[in-house]
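So the protein lines, in turn, are chains A and B. Residues in the first sequence are numbered consecutively from 1, following the numbering used here. Residues in the second sequence are numbered consecutively from 1, following the numbering used here.
Each hint should be verified, as a subset may be incorrect.
Identical copies go unnamed one by one, so any copy, or any two together, can satisfy a pair.
Unchecked claim - Below 20 Å or equal to it, Euclidean Cα-Cα: the simulated SDA-like pairs (lysine to any residue) are:
| # | residue 1 | residue 2 |
| --- | --- | --- |
| 1 | 127 | 223 |
| 2 | 520 | 122 |
| 3 | 81 | 145 |
| 4 | 408 | 528 |
| 5 | 297 | 257 |
| 6 | 182 | 110 |
| 7 | 127 | 227 |
| 8 | 182 | 226 |
Source of the hints: derived by calculation from the structure; they are not laboratory data.
Single-letter residue listing:
There are 2 protein chains.
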Amino acid sequence: MPSEDLKAEAAGWLSTLERSLSGPEPKGVAALFREDCHWRDFLAFTWTIVTLDGRDEIAAMAAARAAEAGAHGFALDGEPKRTAGGLEFWFTLSTAAGRGRGHARLREGRCWTLLTTLRELTGHEEKRGDTRPLGTVHGAVRDRRTWADARAEDARLGLDRQPYVLIVGGGQGGLGLAARLKQIGVPALVVDRHARPGDAWRSRYRSLCLHDPVWFDHMPYLPFPDHWPVFTPKDKMGDWLEAYSTIMELDLWSSTACRGARYDAALGRWTVEVDRDGTPVTLHPQHLVLATGMSGKPNLPRVPGQDLFRGVQHHSSAHPGGEAFAGQRCVVIGANNSAHDIAADLWEHGADVTMVQRSPTLVVRSETVQRLGWALYSEAALRAGISVDDADLIVASTPFAVLPQMLKPVVQRMKEEDADFYESLRAVGFMLTFGEDETGLGLMYPRRGSGYYIDVGASGLIAGREIALRSGVGLAGLTEDSVVLDDGSTLPADLVVYATGYGSMTTWAAELISQEVADKVGPCWGMGSGTARDPGPWIGELRNMWKPTTQEGLWFHGGNLAQSRHYSRYLAIQLKARFEGMPVTVFDRPGLSA
Amino acid sequence: MPSEDLKAEAAGWLSTLERSLSGPEPKGVAALFREDCHWRDFLAFTWTIVTLDGRDEIAAMAAARAAEAGAHGFALDGEPKRTAGGLEFWFTLSTAAGRGRGHARLREGRCWTLLTTLRELTGHEEKRGDTRPLGTVHGAVRDRRTWADARAEDARLGLDRQPYVLIVGGGQGGLGLAARLKQIGVPALVVDRHARPGDAWRSRYRSLCLHDPVWFDHMPYLPFPDHWPVFTPKDKMGDWLEAYSTIMELDLWSSTACRGARYDAALGRWTVEVDRDGTPVTLHPQHLVLATGMSGKPNLPRVPGQDLFRGVQHHSSAHPGGEAFAGQRCVVIGANNSAHDIAADLWEHGADVTMVQRSPTLVVRSETVQRLGWALYSEAALRAGISVDDADLIVASTPFAVLPQMLKPVVQRMKEEDADFYESLRAVGFMLTFGEDETGLGLMYPRRGSGYYIDVGASGLIAGREIALRSGVGLAGLTEDSVVLDDGSTLPADLVVYATGYGSMTTWAAELISQEVADKVGPCWGMGSGTARDPGPWIGELRNMWKPTTQEGLWFHGGNLAQSRHYSRYLAIQLKARFEGMPVTVFDRPGLSA
Numbered sequence: 001m002p003s004e005d006l007k008a009e010a011a012g013w014l015s016t017l018e019r020s021l022s023g024p025e026p027k028g029v030a031a032l033f034r035e036d037c038h039w040r041d042f043l044a045f046t047w048t049i050v051t052l053d054g055r056d057e058i059a060a061m062a063a064a065r066a067a068e069a070g071a072h073g074f075a076l077d078g079e080p081k082r083t084a085g086g087l088e089f090w091f092t093l094s095t096a097a098g099r100g101r102g103h104a105r106l107r108e109g110r111c112w113t114l115l116t117t118l119r120e121l122t123g124h125e126e127k128r129g130d131t132r133p134l135g136t137v138h139g140a141v142r143d144r145r146t147w148a149d150a151r152a153e154d155a156r157l158g159l160d161r162q163p164y165v166l167i168v169g170g171g172q173g174g175l176g177l178a179a180r181l182k183q184i185g186v187p188a189l190v191v192d193r194h195a196r197p198g199d200a201w202r203s204r205y206r207s208l209c210l211h212d213p214v215w216f217d218h219m220p221y222l223p224f225p226d227h228w229p230v231f232t233p234k235d236k237m238g239d240w241l242e243a244y245s246t247i248m249e250l251d252l253w254s255s256t257a258c259r260g261a262r263y264d265a266a267l268g269r270w271t272v273e274v275d276r277d278g279t280p281v282t283l284h285p286q287h288l289v290l291a292t293g294m295s296g297k298p299n300l301p302r303v304p305g306q307d308l309f310r311g312v313q314h315h316s317s318a319h320p321g322g323e324a325f326a327g328q329r330c331v332v333i334g335a336n337n338s339a340h341d342i343a344a345d346l347w348e349h350g351a352d353v354t355m356v357q358r359s360p361t362l363v364v365r366s367e368t369v370q371r372l373g374w375a376l377y378s379e380a381a382l383r384a385g386i387s388v389d390d391a392d393l394i395v396a397s398t399p400f401a402v403l404p405q406m407l408k409p410v411v412q413r414m415k416e417e418d419a420d421f422y423e424s425l426r427a428v429g430f431m432l433t434f435g436e437d438e439t440g441l442g443l444m445y446p447r448r449g450s451g452y453y454i455d456v457g458a459s460g461l462i463a464g465r466e467i468a469l470r471s472g473v474g475l476a477g478l479t480e481d482s483v484v485l486d487d488g489s490t491l492p493a494d495l496v497v498y499a500t501g502y503g504s505m506t507t508w509a510a511e512l513i514s515q516e517v518a519d520k521v522g523p524c525w526g527m528g529s530g531t532a533r534d535p536g537p538w539i540g541e542l543r544n545m546w547k548p549t550t551q552e553g554l555w556f557h558g559g560n561l562a563q564s565r566h567y568s569r570y571l572a573i574q575l576k577a578r579f580e581g582m583p584v585t586v587f588d589r590p591g592l593s594a
Numbered sequence: 001m002p003s004e005d006l007k008a009e010a011a012g013w014l015s016t017l018e019r020s021l022s023g024p025e026p027k028g029v030a031a032l033f034r035e036d037c038h039w040r041d042f043l044a045f046t047w048t049i050v051t052l053d054g055r056d057e058i059a060a061m062a063a064a065r066a067a068e069a070g071a072h073g074f075a076l077d078g079e080p081k082r083t084a085g086g087l088e089f090w091f092t093l094s095t096a097a098g099r100g101r102g103h104a105r106l107r108e109g110r111c112w113t114l115l116t117t118l119r120e121l122t123g124h125e126e127k128r129g130d131t132r133p134l135g136t137v138h139g140a141v142r143d144r145r146t147w148a149d150a151r152a153e154d155a156r157l158g159l160d161r162q163p164y165v166l167i168v169g170g171g172q173g174g175l176g177l178a179a180r181l182k183q184i185g186v187p188a189l190v191v192d193r194h195a196r197p198g199d200a201w202r203s204r205y206r207s208l209c210l211h212d213p214v215w216f217d218h219m220p221y222l223p224f225p226d227h228w229p230v231f232t233p234k235d236k237m238g239d240w241l242e243a244y245s246t247i248m249e250l251d252l253w254s255s256t257a258c259r260g261a262r263y264d265a266a267l268g269r270w271t272v273e274v275d276r277d278g279t280p281v282t283l284h285p286q287h288l289v290l291a292t293g294m295s296g297k298p299n300l301p302r303v304p305g306q307d308l309f310r311g312v313q314h315h316s317s318a319h320p321g322g323e324a325f326a327g328q329r330c331v332v333i334g335a336n337n338s339a340h341d342i343a344a345d346l347w348e349h350g351a352d353v354t355m356v357q358r359s360p361t362l363v364v365r366s367e368t369v370q371r372l373g374w375a376l377y378s379e380a381a382l383r384a385g386i387s388v389d390d391a392d393l394i395v396a397s398t399p400f401a402v403l404p405q406m407l408k409p410v411v412q413r414m415k416e417e418d419a420d421f422y423e424s425l426r427a428v429g430f431m432l433t434f435g436e437d438e439t440g441l442g443l444m445y446p447r448r449g450s451g452y453y454i455d456v457g458a459s460g461l462i463a464g465r466e467i468a469l470r471s472g473v474g475l476a477g478l479t480e481d482s483v484v485l486d487d488g489s490t491l492p493a494d495l496v497v498y499a500t501g502y503g504s505m506t507t508w509a510a511e512l513i514s515q516e517v518a519d520k521v522g523p524c525w526g527m528g529s530g531t532a533r534d535p536g537p538w539i540g541e542l543r544n545m546w547k548p549t550t551q552e553g554l555w556f557h558g559g560n561l562a563q564s565r566h567y568s569r570y571l572a573i574q575l576k577a578r579f580e581g582m583p584v585t586v587f588d589r590p591g592l593s594a
């Protein structure tokens, strides 16, 4: 079809949508969608992050929200394309609150998937490019206030005046969000228990590098330079975060532990007790963001004999690296990312290593996943004019509900291309999975945030029997000098590493606030797929992440660097709208919460 | 003329040039140029930075250098354009050593100006984008060396092994050059006397901001983000430099003073004595780069009575800011940038300020100079697709020799647009100049690096008589409580600020090495224009800057941020070629040196 015809079809549908949504009573919106249809909204209509599945949900949301949202000015953005997904196109839109971008896929004239986003608030746009600050005041100003004066005043945030937002955790998530809030003028304080920004990375095992490539990992505003390595080493990441917090002028208290928080609904504010390098300080933010990492506290299995064991035992998060274990017998309990990394590191330092795999692991080769899975984030994508922000929106344009049908062929191709690789693992008894529905890493990660290994070398050691493997067995106990497995066999051991993962993010809420609040809010992460560790009901978006929770003033922020980058934008806008006292009505329906 | 015809003309000239330059004996090169012609070469043919004026010089250079340079593969780059300068076009070229870009302006078929540059060395290209490092080694590696291990080893540079290059001075110039050298694998150590990178900025008077706008100021590899202020406040600049040195993994010794350096021609290396935070260390680099600022040591006038004066007196470089001087009588000696900034800052703090102007000053309004003078470095330029690097090359495409005819109309326009402004200054007796030949700031700066003020507010205070002015008089002496001027008048004073400028960069060479070497090398900066403070003979390029000097192994680096950014590329390549033992023959002719 000629490009003008595609444009006409796309523009026609868009203007019908706009017309249907306008007026006091939206009419005929559902009829613009196919029977199997999904409308994903990031704030623009709902002031939350939600996917509405099917015409009924869409009609209900439009009825509830269209009038107040005041969406208008829908306009095609770029050239519509005919793809396997249908007629695809981008558009821009405005709402009563601000401006955003959208994406649609039409099939036979009706919409299959729709994305709408609110990306900036009118009157509160970021000051960049032409609108950047001058940095000084030209002319004569008595008692001029310099940049250094302003920063010195910022340093009193939390002492002389209260932050509007308190962010607990100064990793990439907390710092990126703080940067977003700084740029739109929301007073936010980050507290972090480490001595220096980046120490959470520096303190991990020495061989650790990011498993995601650099193109995927940029933080807001300050992209990694072009010479930055593909896989950032952990100490370099630590240095980057430290520099980032300075360059972005973040208000950060290091060496500060959060002791407890409680919400006063009457006052609409939190009381948060922190220990700032030995000095207790009470803070009263209106919003509390837990950016304590997408995982919760380390899972330490409790088995008989741990008190008898004479060797060294620790959780993977406390593992110092392999230096001290040359020639020693090391048992790694677990078979996911950390287990593989630590096993390989121990082997590289000359240890005698055995991995204990209880259940199947999803393994993907780093090179393959970069080529097939992350093509949107690559030099090739950049050359094709796809910016990181474009890529983030392209990813967002696909609701979780339709991901399986898109991911299955990719997984199938990976299995075929890497058949020899997988066979070599099976040959030594390694148990493989590609997800219960063969959707691979793309859904394993959002469903449960665990269960996989991106191979950067350990698989070859396992296949080559350099790292011994015991699979299909679990840990039963320890003796003075051995690990006892649940088939009754034993492994002599000088070191036991429990690479047994982490609890849910919600454990932080229970610890910092209360079990009652944690229970009220419910679990974080996962979207109710009904697969292992992600029980239903179906939510369609990650539970409790970057959006209002059932606890007023409590927010969760985290995920990998790409998620932290993209979703921090929407979280920052939600906080800004509240800070400015804008009317914010969060759309909700039974079953959709969390 | 249709674009195809322009292309054909440009490509035709280019291929004739290539043919003329090839073979053992270049023939007919001069005939390709007009009588008034200029060939500016950055390393590609000459391994120095030089402008050849006229056919004779061009023919001589081609005869001496074309065979060894081995230039080939000239190819049009982008669309030729017909402009006031003639037929203008960009091209790429290769040489025996590497690759570069060029620019030409033809008039009636012959060349008026030609630029040729060598921008990377074959086999030693920067690793960026597709060729960036992996950051880790996938697979199993016994005794793996991590990034942190490598950085720890780097930290021993200067102790366990010698740097190939020692850079004295860790301001924007030294750090930017060190970053370039790091990217192409030349071991370079920066020594800086301050405790922290950026302290040279932090320690200046409190109101200081960059007078050049952000678009002009980017450092290599890590551009300022889009929200960066137009005029960077000095403390923010300090923080940026500190972050830059970490992010770019520079090898830097802070709190390190350089005590002395001598060159051993037989060994081909320097012996440099430094004091590293109280510990003497002897270094043996093969190359020594003085990046100690484009100015030399402060000029402190010696006049009678300075020992009697009971108030405070100091050079502008030691001025702490106006806080302590509210209500006091302050005399600022001088009428250039620092004098204006300090006078305004004192006024803003409620001091009673008098500026003493001995000779005329070039004043340009910041807003006007940004609009008319720096259009290449602006949001508008970026929108037009002109990157910072493009802008640097566009600037380089105009030899100093032809700048006057390009600048005069701009100065004329500024004078007209800002006529009221200039009249208001004249009305209070302020002495103005626009350069001896009315070429304005664009040549005042490279000729003498002083003599001007970019107005950000002080001029209004002077015109409004808020800052008192004594013009046409100089400092004669001091008494116990007054400044005595050379017309016999006196000014009662509690504070005297000598905003009397700095010596030449060469003073650093005299101090660190010897007066003998300083004399041999001759002055830095200026191109022999024959105007005040820039005596002839005509050199056509800045003396001794970023290119070989008559002292083997001695280099000067500095200038504003834009110059440091662009020229550090060529300085780094010169050092890399020597480090790799590539054949490097520096073109020279009598009178061209320095």
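Q: Tell me, in ascending order, the numbers of any earlier hints that this structure violates.
A: 2, 3, 6
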